[in-house]
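Novice: Sequence:
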Amino acid sequence: MAPKPGFKRNAKTVEHILKKSPGLQAALRAAGARVAAQIPGAEIEEYETDRFVVGIKVPADAQARDGVATRAAGAAGLTPG
48 MAPKPGFKRN AKTVEHILKK SPGLQAALRA AGARVAAQIP GAEIEEYETD RFVVGIKVPA
108 DAQARDGVAT RAAGAAGLTP G
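One gets my numbering by counting positions in the sequence shown from 1 and adding 47 to each.
Derived from the structure by calculation, the hints contain no laboratory data. Please note that the accuracy of each hint is not assured.
Stated by the list, open to error - Calculated lysine-lysine pairs in the DSS-like style (CA-CA distance at most 30 Å, straight line): (1) K55 with K67; (2) K66 with K104; (3) K67 with K104; (4) K55 with K66.
Start from the sequences, fold in the hints, and give me the full structure.
Specialist: Written as structure tokens, this is what we have:
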């Protein structure tokens, strides 16, 4: 019997890419910098969970009042999550 056609996910390889890929990290850093550049007082934070993450800290009152992070992410073509 022939093997089923399709895609078989390799979880360890996917995990390695999400955590350690220099290209992915560079792309995330660039996107974070584009967003943070539009927000006075924003700080970029990098950390690793099950993947490499670039977070952007903004003043809570500015986000609550004006949605600065949401607007900046949208202007950069990103969806905040």
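Novice: If a hint holds in the structure, say so; if it does not, say that too.
Specialist: Now for the hints, and whether the structure bears them out:
1. K55 with K67: It holds: about 21 Å lies between the C-alpha atoms, which stays within 30 Å.
2. K66 with K104: Holds, because 21 Å separates the two Cα atoms, which is no more than 30 Å.
3. K67 with K104: OK: K67 and K104 at ~23 Å, within 30 Å.
4. K55 with K66: holds (20 Å)
Against the hints set out earlier in the document, no violation occurs for any number.
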